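Peer 1: Residue numbers (the numbering used here), protein chains in the order written: chain A, 1 to 653; chain B, 1 to 653.
Bear in mind the hints are in silico, worked out from the structure with no lab data behind them.
All values derive from a computational prediction rather than experimental measurement.
Hints may be right or wrong, so weigh each one.
[Unchecked claim] List of simulated lysine to aspartate or glutamate pairs, EDC-like, C-alpha gap at most 20 Å:
no., chain 1, residue 1, chain 2, residue 2
1, B, Lys223, A, Asp624
2, A, Lys381, A, Glu463
3, B, Lys153, A, Asp571
4, B, Lys331, B, Asp482
5, B, Lys234, A, Asp637
There are 2 protein chains.
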Amino acid sequence: MFSSRLARLNRGVATPTGRIAQLIWRSLSRSLTLSSQRRVPDLSSFVTRTNTCGELRSSHLGQEVTVCGWIQYRRQNIFLVLRDFQGLVQVVIPQDELAASVKKILCDAPVESVVRVSGTVISRPPGQENPKMPTGEIEIKVKTAELLNSCKKLPFEIKDFVKKTEALRLQYRYLDLRSSQMQHNLRLRSQMVMRMREFLCHRHGFVDVETPTLFKRTPGGAKEFVIPSREPGKFYSLPQSPQQFKQLLMVGGLDRYFQVARCYRDEGSRPDRQPEFTQVDIEMSFVDQTGIQSLVEGLLQYAWPKDKGPLGVPFPSVTFAEALASYGTDKPDTRFGMEIVDVSDVFRNTEVRFLQDALSKPQGAVKAIRVPEGAKYLKRKDIESIRKFAADHCDQEVLPVALKASQDWNTPVAKLVMEEQGRGLARHLEAQEEDVVLLTAGEHRRACSLLGKLRLECADLLEARGVALRDPNLFSFLWVVDFPLFLPKEEHPGELESAHHPFTAPHPSDIHLLHTEPEKVRSQHYDLVLNGHEIGGGSIRIHDAQLQRYILETLLKEDVTLLSHLLQALDSGAPPHGGIALGLDRLMCIVTGAPSIRDVIAFPKSFRGHDLMGNAPDVLPPEDLKPYHIQVSWPTDSEAEKNSLTHPHRPES
Amino acid sequence: MFSSRLARLNRGVATPTGRIAQLIWRSLSRSLTLSSQRRVPDLSSFVTRTNTCGELRSSHLGQEVTVCGWIQYRRQNIFLVLRDFQGLVQVVIPQDELAASVKKILCDAPVESVVRVSGTVISRPPGQENPKMPTGEIEIKVKTAELLNSCKKLPFEIKDFVKKTEALRLQYRYLDLRSSQMQHNLRLRSQMVMRMREFLCHRHGFVDVETPTLFKRTPGGAKEFVIPSREPGKFYSLPQSPQQFKQLLMVGGLDRYFQVARCYRDEGSRPDRQPEFTQVDIEMSFVDQTGIQSLVEGLLQYAWPKDKGPLGVPFPSVTFAEALASYGTDKPDTRFGMEIVDVSDVFRNTEVRFLQDALSKPQGAVKAIRVPEGAKYLKRKDIESIRKFAADHCDQEVLPVALKASQDWNTPVAKLVMEEQGRGLARHLEAQEEDVVLLTAGEHRRACSLLGKLRLECADLLEARGVALRDPNLFSFLWVVDFPLFLPKEEHPGELESAHHPFTAPHPSDIHLLHTEPEKVRSQHYDLVLNGHEIGGGSIRIHDAQLQRYILETLLKEDVTLLSHLLQALDSGAPPHGGIALGLDRLMCIVTGAPSIRDVIAFPKSFRGHDLMGNAPDVLPPEDLKPYHIQVSWPTDSEAEKNSLTHPHRPES
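Just chain A, same shape as in the assembly (with noise of 0.2 Å):
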């Protein structure tokens, strides 16, 4: 009798942490394996433990073993499940008279109380192991036992199952972070980290350098936190990125440079941002675009967890241009079609207004996307919300098309383009009978702009209704090249910005415009694209000194005092050089398929910059302040309102 309850209680032992954490802890325990191929790390050394708890195999059988854990779950005071980093583990707990005082340690301490058990590896009884736990085949017969820890209190149980809040979880992060999620990511960013490292220095010779984050303020660098120093009305900056520093290492002769470097940004509010953030930050003598791509390429395939399949190289590549026209955005998503189709040639006659107008005008086109089988899977008020889309965020007009002639949503001007020019469309489409046309009108860049968009709201309701567009497991790297140097200001449309920065050297083939077209000139910028998200950007930057103070000075009329020491640089021998920066946080969200950078982060803020456990940023004492001379100027009343206005105070997350 004993041994069926036994055998029931041993079923019951997977199913609190769930299906999802089992696979979890068995990914964590297989890539921790791999992390080091040479040879496996010794996880006990150091301390006053034999074993991990998630370690413990058959092959341990009959071993005196010590682990330290803390207490996942009890039951009925005959089991224990004990968890640490690496898995989880089942101990048996003595039941005899002469063991009575563990017996009572282990069944006082309440659950997630850190404890000590030492005892003997034994098999299970037949027919009760787990073969859903990596340990169960195995439990532990506890002989002595310590509560190291006892555990208060729980904002939340431990259990992956257990839906929080991101604001709790942020609040109680220390806890958060015994996740089996949170281990894993943690984790696998460390590995990966490391694997880059090995790729840069073993096998390539480059030099980790670290680089001030107190600095001066960049020209143009809004978003810098700004530093009191101790010298009245000086200030510090915290710079977004080592841009300046990797250059001067160049003309330094550093030869290659790289670093994991902590970065900066004040944007307010914004989600999925952080306020610092972790760049694998890169730069070479010597190199060309096709050098530093090349670098990229084989960092990524070397630091690639295997689990997640092997990286084709060389990654694709396509122009600003070519991207814009075929996306409508410099970030495409390749995973998916749906490329955007000029059909201009089309409407060349059309009768509908808006397509008319377009088309007399300069750049004016008429473009389309097709959403294949949209006329299954698109109801009524998808196509509904498609057009408020387009009038909300663009500001434009946006003709849904169905091809299928007994669609009833379709509108009388899409009745009428289907009439005259159903046939073009089919024919430059592609499109069959099912399939919808998303047309819109305009200028080019907006309109590929509009259904650029469209097709990831397309996309996002396609998958919504079952439809596997966008494969989780797959993962579609991009180059995107030959970027403007230049753009208009947003505000004065008359002067120039760098679209990048004011480093980036131009195009080879574009030098001669610098004098008379500026606008036209194309840049050595390159971005690193990833599944519709950049995760990372570079340049062959400027190196003559004259041509930078050109740029600088008469093209952006920027104040080159503020970089007279680069300049310099540059007039005293600095080699051709280029780089490129890797956005580590947003890399890792792609590759655990986390739902945001947070979850790829330590102690991330919220979106609003929060520190949600420890409460930063927070009130200072006015003694505090005084070192550094500088007061708080209370926003007046109305101010305060209207700041109120502009970032309201949303509950967080």
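Since the structure of chain A is provided, determine the placement of chain B on it from the hints.
Peer 2: Below, chain B alone, put in the same frame as chain A:
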């Protein structure tokens, strides 16, 4: 005739950079090879060269090579010496008519211009090899050449023998980095850190976790830079270390954490300190003091540069009390003797007043150090400077006594001591006739502290006289343990403050004293000392919330609301844990034998916290402060004057 001219020129090639530079370049190429035992890194991958200048050897003879480098030096338009990060190589400028354009490029380019040359590696003519130059057996016969960038201005020559002030070096750091010494230091730093990472990640399963630098102020955390946020009156602080985060990671079950962490400390102007600095930060769960010590010994042994000889482990260990008694400091330089000896017993019946007085007081003692052969090396003016040092720095009296009766500078008191206690003193100190004894008396701690300082002063004096006392090739590691947990506050000696930080666990043997005599409690803190410098410190932490609260609230009278998150965390199943932080800048400074930590940092601040290259900190336009709701409180004239007295505007460096 031409060949004899060649010979003369060849002989000269090594001279301009000098012998020391040659040695450094040689050790540089050696250590580069050492860095990756598994596989030699490819230093010319992805770029437009086939080889580095410094790597060419006889094994490359006959090869067509392309190298890029800086013109180090040109001799009579026949030879060019090119430099890159790996060393120097000699290039033969073609003299025939057909190659006139190549000759023009190479002869016209100013020194420190950047060129790319292609040609054949050939042997130097017999007798013209330069054994001092790693590439001295070969030269490159140039076919094509390209000027990549012309060097327009140089504030100083890039030659190691050219002496520059440090201010000039810092202002033109990008040029200073071209020196063999800076190249060596930064590359060795990168390599040692990489070795540490390998040891921690691959050998022992540590996880590299990045922790925030924008956080909130720590209780008692003066010296923290503040960063205004966009919320009026709310500030982030830059923490001095990731202390709280690493403890919270342990509570979060991360088990083994490390980070090469940027830390910040605003100490105003202090020589050889930096406002931002780097720690190798480590924390482990379920560990005791011995565990951390073994880990760090293994870590340093693994990362230690091969050419500095193997490190013996375990490192010796002394208690804080022993260190104070024998060396008068908690960071003894154990490369040499001259330990402090308590000679109170010798003087029980002394007639010398100041010794008598001291002995009559509680804790009073007479202490001595023996300066070996001091009579031979110390001149009268040295003895005067020793007295003056004691008076100026410690406000204490020191009595120098020459054992040799004939020593002319012995004072009447010294003579009296020699007559009465000479034999006892000689016996206690094992002193020889040529030795000098420095005597002082007073409270134990003060007397030891004075002699500790004089021990180092005397070492400087003896070394200035040519006595080899501290071997620059010796690395004397030492653990100092059993520190007091609390110290009396300097300004309010009735109150206690943490000797290190409030999270340090008390020594298990002294726990019972916490409620009765807290000032007597020793801690589980440990310092790692190298050649008289503290290069690391750590402790076992408090994991019990109740104990932590008692220490913070009752003993230290701190505001616990600032730490409520930490106290809550300790109550939520915190494992026992401990760790250490190694000061990477100081460690690298000692390993490289550099005169200052600024020589192992790519872009250091001056001792006044200035970036002399970029001119930071700097004034900001008022509109940059507006989003942060702060304004500058300009000091009044009298305040400014007072300020300039406390921080006189000494010229930089």
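Peer 1: Check the structure against each numbered hint from earlier and tell me which ones fail, lowest number first.
Peer 2: none
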